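These protein sequence lines are chains A and P, in that order.
Using my numbering, you'd call the opening residue of the first sequence number 1 and step up by one each time.
Using my numbering, you'd call the opening residue of the second sequence number 1001 and step up by one each time.
The reader is advised that the hints may include incorrect statements.
Here are the computed lysine to any residue pairs in the SDA-like style, where the Cα-Cα straight-line distance is at most 25 Å [unchecked claim]:
hint, chain 1, residue 1, chain 2, residue 2
1, A, 166, A, 287
2, P, 1057, A, 287
3, A, 76, A, 291
4, A, 57, P, 1057
5, A, 57, P, 1188
6, A, 310, A, 296
7, A, 57, P, 1166
8, A, 57, P, 1211
9, P, 1057, A, 291
10, P, 1057, P, 1014
11, A, 57, P, 1201
12, A, 57, P, 1014
13, P, 1057, A, 177
14, A, 57, P, 1265
15, A, 310, A, 287
16, P, 1057, A, 200
17, A, 310, P, 1201
18, A, 57, P, 1207
19, A, 2, P, 1223
20, A, 76, A, 115
21, A, 57, P, 1235
22, A, 57, P, 1262
23, A, 17, P, 1188
24, P, 1057, A, 231
25, P, 1166, P, 1146
26, P, 1057, A, 224
27, P, 1057, A, 278
28, P, 1166, P, 1188
29, A, 57, P, 1236
30, P, 1057, A, 76
31, P, 1057, A, 290
32, P, 1057, A, 330
33, P, 1057, A, 64
No lab work stands behind these hints, which were simulated from the structure alone.
All values derive from a computational prediction rather than experimental measurement.
Protein chains: 2
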Amino acid sequence: MKTRQVVLQRRPVGLPKVEDFAVREADVPEPGEGEVLVGNVCMSVDPYMRGRMVDRKSYAAPFQMDEALTGGAIGKVLQSNDPDLPEGAYVDSHYGWREAFVAKGSRLRPLGELQAPASAYLGVLGMPGMTAYVGLLDVGSLQEGETVFVSGAAGAVGSAVGQIAKIKGCTAIGSAGSAEKVRHLTQDLGFDHAFDYHDGHLERHIRAGAPDGVDVYFDNVGGDHLQAALNCMRPGGRLPLCGAIAQYNATAPVPGPNNLAIAIGMGLTLKGFIVSSFEHLRADFIRDMTAWVTSGRMQYRETVFDGLEKAPEAFIGLFTGANTGKMVVNL
Amino acid sequence: MKTRQVVLQRRPVGLPKVEDFAVREADVPEPGEGEVLVGNVCMSVDPYMRGRMVDRKSYAAPFQMDEALTGGAIGKVLQSNDPDLPEGAYVDSHYGWREAFVAKGSRLRPLGELQAPASAYLGVLGMPGMTAYVGLLDVGSLQEGETVFVSGAAGAVGSAVGQIAKIKGCTAIGSAGSAEKVRHLTQDLGFDHAFDYHDGHLERHIRAGAPDGVDVYFDNVGGDHLQAALNCMRPGGRLPLCGAIAQYNATAPVPGPNNLAIAIGMGLTLKGFIVSSFEHLRADFIRDMTAWVTSGRMQYRETVFDGLEKAPEAFIGLFTGANTGKMVVNL
């Protein structure tokens, strides 16, 4: 059997280009003892993948040239030598960027009976949803009645952050990159205040939504957003550092916030985190988020591209504001 | 009765000048009901005071022009209308920068029987010592066997940080501003590794002392020190942000660390703090630090200026590297 898979054929410099990627054909072996053959239903593209396209040491190893990229994917078991994973079972895996693969069943996470469309397990019920959940509630120690500001609020993580804040009885403020996204945040998702960051008056917009200051700033963006947020924090504020999409494509070091010393007098905590360090909270996340999604308290939107060959375009779109909610590639 | 006191006669721009200050004479009233007359024995100058010389909102109100400056001082009760504070009692107060004052006894902290020379209560047994103690053990959550890097290590706070680390069974690395200070850290205070930061190779020096990385970076300096330390942290590292002396005299905003995004993948926590938020740990601090000082496990050094008129020069010396250990003005 053959599969198609996406490889890097050139390391991107700055904003990635479609030509940095290539679709290649590869063999899929027969599943051996304890292995299963999986056909991917949909795959994820996420901003963190940009860091792995650079050849440097980080928390995740760099992607190798001409090898299949990896990332989250939801697939269906087509052929099984693992009694725990019958044919037809849905699994969550890191074998994205390809249409089919063979792997040990023990390396896959079975999803059980789906509570939502498969693609939701790439977003609100998957890694981005769990990132929002642990980042806001555990890293950010959110308390009822507090004020939350989240950047990249129309993205997969940000839109969950704002809605969890509302579910927890907090005020939610979000920044996004277009008037349509801003409308979506306040009209559809229940944000108390949202704004388009393009006019540059970040601090004024944050203060408009948080006249008494921000307790938790959930940072997906870094750069000017982090600097503006630091100026608007309340004493004892927490800043979960989740992403820095503003600088993922930078070709030279980007100066940090020039007001970090505010953290001293205000007793602020900036705490970087990656979701994989919070597996101990997965059961809590699945329980709460599934309940919120099935009851309709948690809305989610997807921006969908069709076909493996569109995956590079979908990935690049993360940096140009092409997505509202989770960016998904259907396979 | 008259006292002499130091006032600001001009707001400093950049590095303060002696001419920004003036010594003025003022009346000291008779102590009323519940009040005491105190003669100051010695007073403190501290880097944080620089921030209060700027007319902007911060955690401490700005100093007003032509009014006596305030700051830590140790004094002796000369005349008392407070039965809890007999004549001859030593008190810790914020009425520094003057030779004598009258205040409610309830606003002063009695020191009881001195366990060390009075000036030690401005340093290792006072605010800087407690800053080191709570910053390293509570904010920094130091664990036995970890590696600590502290900048400004020959200062009042830094020299206590390194020695507490050693007492707690940790490795201590420090940066300082001269070869003599570096010698003092390793020869007298027991630091495992120390270096003069002037050659600029901060990261190389840190790694020389911490080949496996740093668990706790205690930041007194900010700027290039913070940036270099971020590159040397171990996963889960903590960075208590205590001071940013490198930029206290800056006349324009100073760019922050260009590598703050490292905190995300490494799960680092940067936590600003001021010692006044940790009064609940004062009893622990007094108990532990008094034992360490009286047993000789905690060394301390002072740089002493004599006479109130020398206080501005002593203060300015904090920013030019004039002090090893606590900068004290004897009155």
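Here is how each hint holds up against the structure:
Simply put, residue 166 of chain A and residue 287 of chain A have alpha-carbon atoms about 18 Å apart, close enough for the 25 Å limit, and the pair holds. The straight-line distance between the Cα atoms of residue 1057 of chain P and residue 287 of chain A is roughly 45 Å, outside the 25 Å bound, and the hint therefore fails. Distance check on the hinted pair: residue 76 of chain A and residue 291 of chain A sit about 24 Å apart at the alpha-carbon level, within 25 Å; holds. Restraint check for residue 57 of chain A and residue 1057 of chain P: not satisfied, since their Cα atoms lie roughly 42 Å apart, outside the 25 Å limit.
Under the criterion of a C-alpha separation no larger than 25 Å, the hint pairing residue 57 of chain A with residue 1188 of chain P is inconsistent with the structure, at around 38 Å. As the CA atoms of residue 310 of chain A and residue 296 of chain A are separated by approximately 31 Å, the hinted pair breaks the 25 Å bound. In summary, the hint linking residue 57 of chain A to residue 1166 of chain P is not supported, as the alpha carbons are separated by about 32 Å, beyond the 25 Å threshold. For the hint linking residue 57 of chain A to residue 1211 of chain P, the alpha-carbon distance of about 16 Å falls within 25 Å, and the restraint holds.
For a cut-off of 25 Å, the pair hint linking residue 1057 of chain P to residue 291 of chain A is broken: about 45 Å separates their Cα positions. Distance hint between residue 1057 of chain P and residue 1014 of chain P is fulfilled; the C-alpha atoms sit about 18 Å from each other, no more than 25 Å. For the proposed pair residue 57 of chain A and residue 1201 of chain P, the alpha carbon gap of about 21 Å is at most 25 Å, so the pair holds. Our distance criterion of 25 Å between C-alpha atoms is broken by residue 57 of chain A and residue 1014 of chain P, whose separation comes to about 40 Å.
Straight-line distance between C-alpha atoms of residue 1057 of chain P and residue 177 of chain A comes to about 32 Å, which puts the hinted pair past the 25 Å bound. Between residue 57 of chain A and residue 1265 of chain P the CA atoms are separated by roughly 11 Å; this keeps the pair inside 25 Å, and the hint holds. About 33 Å separates the Cα atoms of residue 310 of chain A and residue 287 of chain A, which puts this hinted pair outside 25 Å; it is violated. Distance check on the hinted pair: residue 1057 of chain P and residue 200 of chain A sit about 24 Å apart at the alpha-carbon level, within 25 Å; holds.
Between the alpha carbons of residue 310 of chain A and residue 1201 of chain P the distance comes to roughly 46 Å, so the proposed pair goes past 25 Å and is violated. Under the criterion of a C-alpha separation no larger than 25 Å, the hint pairing residue 57 of chain A with residue 1207 of chain P is consistent with the structure, at around 17 Å. Taking the CA atoms of residue 2 of chain A and residue 1223 of chain P, the gap is about 54 Å. The hint is violated against a cut of 25 Å. Of the supplied pair hints, the one linking residue 76 of chain A and residue 115 of chain A holds, its CA atoms being roughly 15 Å apart against a limit of 25 Å.
Taking the CA atoms of residue 57 of chain A and residue 1235 of chain P, the gap is about 13 Å. The hint holds against a cut of 25 Å. Of the supplied pair hints, the one linking residue 57 of chain A and residue 1262 of chain P holds, its CA atoms being roughly 11 Å apart against a limit of 25 Å. For the given pair, residue 17 of chain A sits about 58 Å from residue 1188 of chain P by alpha-carbon distance, which is inconsistent with the 25 Å threshold. Of the supplied pair hints, the one linking residue 1057 of chain P and residue 231 of chain A holds, its CA atoms being roughly 12 Å apart against a limit of 25 Å.
Of the pairs offered as hints, the one joining residue 1166 of chain P and residue 1146 of chain P holds, with about 10 Å between alpha carbons and a cut-off of 25 Å not exceeded. Between residue 1057 of chain P and residue 224 of chain A the CA atoms are separated by roughly 22 Å; this keeps the pair inside 25 Å, and the hint holds. With a C-alpha separation of about 38 Å, the suggested pair residue 1057 of chain P and residue 278 of chain A falls outside the 25 Å cut-off, and the hint is violated. Between residue 1166 of chain P and residue 1188 of chain P the CA atoms are separated by roughly 13 Å; this keeps the pair inside 25 Å, and the hint holds.
Distance restraint check for residue 57 of chain A and residue 1236 of chain P: the Cα-Cα separation of roughly 17 Å lies within the 25 Å cut-off, and the hinted pair is therefore satisfied. With a C-alpha separation of about 59 Å, the suggested pair residue 1057 of chain P and residue 76 of chain A falls outside the 25 Å cut-off, and the hint is violated. Using a Cα cut-off of 25 Å, the hinted pair residue 1057 of chain P and residue 290 of chain A is violated, with the two alpha carbons roughly 45 Å apart. Between the alpha carbons of residue 1057 of chain P and residue 330 of chain A the distance comes to roughly 53 Å, so the proposed pair goes past 25 Å and is violated.
Taken as a hint, the residue 1057 of chain P and residue 64 of chain A pair is broken in the structure, with Cα atoms around 51 Å apart against an allowance of 25 Å.
The earlier numbered hints that this structure contradicts are 2, 4, 5, 6, 7, 9, 12, 13, 15, 17, 19, 23, 27, 30, 31, 32 and 33.
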